[in-house]
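*Asks:* Once you've looked at the hints, dock chain E against the given chain X.
Protein sequences appear in the order of chains X and E.
Going left to right, the first sequence walks through residues 1 to 508 as our numbering numbers them.
Going left to right, the second sequence walks through residues 1001 to 1508 as our numbering numbers them.
Check each hint, because a few of them may be wrong.
[As the list claims (entries may be wrong)] Residues from chain X shown here face chain E by an in silico Cβ test under 8 Å; the list is partial:
| hint | residue |
| --- | --- |
| 1 | Val117 |
| 2 | Pro201 |
| 3 | Lys205 |
| 4 | Tyr262 |
| 5 | Val281 |
| 6 | Ser314 |
| 7 | Leu508 |
[As the list claims (entries may be wrong)] Label pairs and their in silico Cβ distance ranges:
| hint | chain 1 | residue 1 | chain 2 | residue 2 | range |
| --- | --- | --- | --- | --- | --- |
| 8 | E | Arg1349 | X | Arg171 | 48 to 58 Å |
| 9 | E | Thr1289 | X | His89 | 42 to 52 Å |
| 10 | X | Glu189 | E | Thr1289 | 41 to 51 Å |
[Claimed, not checked] With a cut-off of at most 25 Å between alpha-carbon atoms, the simulated DSS-like pairs for lysine-lysine come out as follows:
| hint | chain 1 | residue 1 | chain 2 | residue 2 |
| --- | --- | --- | --- | --- |
| 11 | X | Lys291 | E | Lys1203 |
| 12 | X | Lys249 | E | Lys1286 |
| 13 | E | Lys1198 | X | Lys449 |
| 14 | X | Lys503 | E | Lys1457 |
| 15 | E | Lys1229 | E | Lys1379 |
| 16 | X | Lys448 | E | Lys1282 |
Just so you know, these hints were derived from the structure itself, not from any lab.
Note that CB positions come from ideal geometry on N, CA and C, so glycine has one too.
Protein chains: 2
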Amino acid sequence: MQFDLAGRFVLSADAKAAEAAIRAFFEEANATILKRKGAEPGTDEARVHDVRVEGSTIHVKVESKGRLRAHDALLRLRKAMGEKLGKAHRLGVRDVIIDAYEVTFELEKPVKHPVMVPFAKAVRVEDRTATLELANVDAEFLENNYIDRMINLVREKVNLQHYEGKGEYHRTMWSSPSKEPRWDRNPTEAMVERDWLKQGPTKGKWVFRPQIAAIIRAMERIAVEEVLKPAGFQEIMIPHHVPFDVWLKSGHMHGVPNEIYYVSEPRTRDVAEWQEFIDLVKITRKVPTDKLLANLSPPNAGICYAQCGNIYWSFQQRTIADASLPVQVFDRAAVSNRYESGGRHGMERVDEFHRIEPVYIGTREQLLDVREKLVARYKHVFNEILDLEWRMAWVTPFFLAQEGHDKEVVETDKLEVGTIDFEAWMPYRGSREESEWLEFQNLSIVGKKYTDAFNIKAQRADLWSGSSGIGLERWAVAFLAQKGIDPADWPAGFRKFLPELPKETQFL
Amino acid sequence: MQFDLAGRFVLSADAKAAEAAIRAFFEEANATILKRKGAEPGTDEARVHDVRVEGSTIHVKVESKGRLRAHDALLRLRKAMGEKLGKAHRLGVRDVIIDAYEVTFELEKPVKHPVMVPFAKAVRVEDRTATLELANVDAEFLENNYIDRMINLVREKVNLQHYEGKGEYHRTMWSSPSKEPRWDRNPTEAMVERDWLKQGPTKGKWVFRPQIAAIIRAMERIAVEEVLKPAGFQEIMIPHHVPFDVWLKSGHMHGVPNEIYYVSEPRTRDVAEWQEFIDLVKITRKVPTDKLLANLSPPNAGICYAQCGNIYWSFQQRTIADASLPVQVFDRAAVSNRYESGGRHGMERVDEFHRIEPVYIGTREQLLDVREKLVARYKHVFNEILDLEWRMAWVTPFFLAQEGHDKEVVETDKLEVGTIDFEAWMPYRGSREESEWLEFQNLSIVGKKYTDAFNIKAQRADLWSGSSGIGLERWAVAFLAQKGIDPADWPAGFRKFLPELPKETQFL
Chain X
1 MQFDLAGRFV
11 LSADAKAAEA
21 AIRAFFEEAN
31 ATILKRKGAE
41 PGTDEARVHD
51 VRVEGSTIHV
61 KVESKGRLRA
71 HDALLRLRKA
81 MGEKLGKAHR
91 LGVRDVIIDA
101 YEVTFELEKP
111 VKHPVMVPFA
121 KAVRVEDRTA
131 TLELANVDAE
141 FLENNYIDRM
151 INLVREKVNL
161 QHYEGKGEYH
171 RTMWSSPSKE
181 PRWDRNPTEA
191 MVERDWLKQG
201 PTKGKWVFRP
211 QIAAIIRAME
221 RIAVEEVLKP
231 AGFQEIMIPH
241 HVPFDVWLKS
251 GHMHGVPNEI
261 YYVSEPRTRD
271 VAEWQEFIDL
281 VKITRKVPTD
291 KLLANLSPPN
301 AGICYAQCGN
311 IYWSFQQRTI
321 ADASLPVQVF
331 DRAAVSNRYE
341 SGGRHGMERV
351 DEFHRIEPVY
361 IGTREQLLDV
371 REKLVARYKH
381 VFNEILDLEW
391 RMAWVTPFFL
401 AQEGHDKEVV
411 ETDKLEVGTI
421 DFEAWMPYRG
431 SREESEWLEF
441 QNLSIVGKKY
451 TDAFNIKAQR
461 ADLWSGSSGI
471 GLERWAVAFL
481 AQKGIDPADW
491 PAGFRKFLPE
501 LPKETQFL
Chain E
1001 MQFDLAGRFV
1011 LSADAKAAEA
1021 AIRAFFEEAN
1031 ATILKRKGAE
1041 PGTDEARVHD
1051 VRVEGSTIHV
1061 KVESKGRLRA
1071 HDALLRLRKA
1081 MGEKLGKAHR
1091 LGVRDVIIDA
1101 YEVTFELEKP
1111 VKHPVMVPFA
1121 KAVRVEDRTA
1131 TLELANVDAE
1141 FLENNYIDRM
1151 INLVREKVNL
1161 QHYEGKGEYH
1171 RTMWSSPSKE
1181 PRWDRNPTEA
1191 MVERDWLKQG
1201 PTKGKWVFRP
1211 QIAAIIRAME
1221 RIAVEEVLKP
1231 AGFQEIMIPH
1241 HVPFDVWLKS
1251 GHMHGVPNEI
1261 YYVSEPRTRD
1271 VAEWQEFIDL
1281 VKITRKVPTD
1291 KLLANLSPPN
1301 AGICYAQCGN
1311 IYWSFQQRTI
1321 ADASLPVQVF
1331 DRAAVSNRYE
1341 SGGRHGMERV
1351 DEFHRIEPVY
1361 IGTREQLLDV
1371 REKLVARYKH
1381 VFNEILDLEW
1391 RMAWVTPFFL
1401 AQEGHDKEVV
1411 ETDKLEVGTI
1421 DFEAWMPYRG
1431 SREESEWLEF
1441 QNLSIVGKKY
1451 TDAFNIKAQR
1461 ADLWSGSSGI
1471 GLERWAVAFL
1481 AQKGIDPADW
1491 PAGFRKFLPE
1501 LPKETQFL
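This is chain X alone, in the form it adopts within the complex (with noise of 0.2 Å):
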């Protein structure tokens, strides 16, 4: 990496009576303060160039290579200046502004396309090498570290145009014998004829009536007592609202923002400060958006995406007991939404959905025990209370590949951090070599990413974490599309589970 820019020091006066002592000084800082001790030469050090005193203003330019960024030892600079000039010339820096700043620096992969990021003035970028131009940069800037993401920022976009296009990593591991289906009907669409499935008053949402209410309610209580409660996981209850700070550190904020249902609180509980809303409302029966709008905060929150956000921040820097690892909790009460827009299909992919997520956290190896518990439960189930025909697919997310966790998996065949998708056959999408199967639901490991972003910590060990998310909607759809909504034609296993449906309500 190379760091070229041209700034300047504002003093508190002339600075001409002291320039010998100001070209001093930079020379004695290019050989001490600049030189990264033990770095090689030429290597992780910096050097001012270009002096010039002008009334209280000194022009330098200053250049860099490697760890050392220029900025960095600008305001450092800054801070030694201070005390030599203070002392020696009653001279005081008032400021110090960069008025052009250029860092070149390499890239992992050659680029394809152009690439901009906010702040900068150009980003020119050929081959591997990029170079950010900025201009007019100021202190507080540099301070809050701004630049490394900005680099970090045109490196992860060149590297996205070498994963656009291509699909996430995908190896089946295991598959179940095929089972005969007994209808290939989309469930949803039969659901919805017979009325047990009505479309909810906003965008992908439904009303289920009692017969698929049973039927989802009847695999929550699989889940729980044939997989969580077995596996030793505890139940908790979080909060349905997410905070941008959470999502901040678990990533969400600038990994799906476009998904998000964002909340807003009124600005005031105040009566009287609603007063002309609720006399508009009454008199119109319409409601005034500009008067809504007037009365309510900016968002700070969104409805859960997924439960671990905020069950990673219920232990956020706390420090767990040896004895209390692995963590095993897991959330059924946070109704979860998504902005699926074009993506809504059916019961399957909606915008609000009843999802149990369990949660481990704990060392490596207990982590993959945990893994190893739950996949064997979820074999249970699938296999011998619901008798799907399914497989087990290891996956590695986007984000997980960024880190290199998918070389890991091709290089070394190590299936540690990563997810397993558990994906059924929908007969009713096309025959089982050709459809697309349904995610109905996943286990992941992440390694540290989250007890790393949370601080959370052990006595001893680093902790790793994971979650499973368990889509009630999915389990019900996956099941409904082999089996059929008639009970008669369901499995023994689940029948023990849901007897009997409820009685149909008619309507004229």
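*Replies:* Just chain E now, with coordinates in the frame of chain X:
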């Protein structure tokens, strides 16, 4: 009621030549179309006077009494005049404008302070008489029936002046025997100390760790298995977003807009449109509010305040077969939110809570019968399982009192439309005689209010409806306030549902 307006018709050309015909038309109208058939002379009729023709404009004054409003008379005149002048004089009526309008009406109660309503230039009130002054009223405004709603709003505001400061009607109907409490601590504080409860990451929401989660889930099982199923209820699952349309019908939109958590969806799910937001989050690790707001649609829904709104919506405009009456359903899927602000207290008054809401729709007789069954099951639970010191009180909520149901109770002793509050002694608040008891549940019959609003019909009879709010946090906190948090102190009836508590996680 008296209506006086000064308005004008704008014609397509000069009307001088037709002046005699115009005057004749108004004379005739006064004797015909502005009289209500069969009305007493001098009531329910309108009269045009002070007609003045100026170029293409006809200025008129219209006064009316009773049920024929002057503005309706004006619209009626426009239509008839258009037909008359069009044929005979080739003049069209281009527009009708009200320059000034006064509506004078009697109030039920004398006014105490001045009142104001939107769209009015002024509201003059004196004792039991109010006069609404309007200026520059256009036809759209008239056709939308805003004036009648403005009159109602003035009446309502004056009535409210007589309710202010009065508590709602409250009469104790039944009390349990007194019970010796096991302690007098605030259970929330005790549970926070033991880390069973942790304040959530946003206002008024709790993280329930395994011990209290187990207690709340036990309460849920008791409610479902010991109350709702034996009383004949079927479970449904409804969306927890409630659109404004539903709240406009249920009255929440004007009743509690200051307590709603509002939901905004992304303006688009297209990542390209979110790219700048995403890049800024990555560089600054902050959420840029302006960019966020630019990418959101204004709220068109809020989070569940009570489940009944969406439940009624799900039966909207349906006719229920007699054989399916009464409809008895409950939801426990939607998480409820209320912005409590200064009212927050412990686990009993929170911004997020878990509530089961049974809703019943049927004839008056069916509903009185459902209520009797529910009360019997609730008594069984609170007496024999939770062993509480509690009471039932008849209350008439304000919205029903306004419709006269409070008088009904006092004058006829008819306990039909109204609410039963279930209240428990909270020993930590003070003596059973002097402290405020906690409303831990309620049960209402609301008559035709919601079946009318959502147009839910039966084959023959009128449908009533009602609902009951089972607050699981409130059941739990009432129980713990009397019985303590040590399972050894709990009544055997409850211990059958929760024999032991989950092990506590140890932190350092």
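*Asks:* Need the status of pair Lys448 (chain X), Lys1282 (chain E): alpha-carbon distance at most 25 Å?
*Replies:* Within the cut-off at roughly 20 Å; holds.
*Asks:* Given the proposed pairing of Lys291 (chain X) with Lys1203 (chain E), does the C-alpha separation stay at or below 25 Å?
*Replies:* holds (24 Å)
*Asks:* Going straight from one Cα to the other, do Lys1229 (chain E) and Lys1379 (chain E) come out at no more than 25 Å?
*Replies:* OK: Lys1229 (chain E) and Lys1379 (chain E) at ~15 Å, within 25 Å.
*Asks:* Holds or violated: Pro201 (chain X) as interface residue toward chain E, Cβ cutoff 8 Å?
*Replies:* holds (5 Å)
*Asks:* May I ask you to test the interface hint for Ser314 (chain X) with respect to chain E, counting a Cβ-Cβ separation under 8 Å as satisfied?
*Replies:* Since chain E brings a Cβ to about 5 Å from Ser314 (chain X), closer than 8 Å, the hint holds.
*Asks:* With a cut-off of 8 Å on the beta carbons, see whether Lys205 (chain X) makes it to chain E.
*Replies:* Since the shortest Cβ distance to chain E is 4 Å, the answer is holds.
*Asks:* Next item in the hint list is Val117 (chain X). Is there a CB on chain E closer than 8 Å to its CB?
*Replies:* At 6 Å from the nearest chain E Cβ, Val117 (chain X) passes the 8 Å test, so the hint holds.
*Asks:* Could one say that the CB atoms of Thr1289 (chain E) and His89 (chain X) fall in the range 42 to 52 Å?
*Replies:* holds (46 Å)
*Asks:* Please verify whether Lys1198 (chain E) and Lys449 (chain X) have alpha carbons no more than 25 Å apart.
*Replies:* holds (24 Å)
*Asks:* Mind checking the alpha carbons of Lys503 (chain X) and Lys1457 (chain E) for me, to see if they're no more than 25 Å apart?
*Replies:* With a Cα-Cα distance of about 20 Å, the restraint between Lys503 (chain X) and Lys1457 (chain E) holds, given a limit of 25 Å.
*Asks:* Verify the CB-CB distance for Arg1349 (chain E) and Arg171 (chain X) against the hinted window 48 to 58 Å.
*Replies:* holds (52 Å)
*Asks:* Should the hint that Glu189 (chain X) and Thr1289 (chain E) are 41 to 51 Å apart at their CB atoms be regarded as holding?
*Replies:* holds (42 Å)
Comparing the model with each earlier hint shows no violations; every hint is respected.
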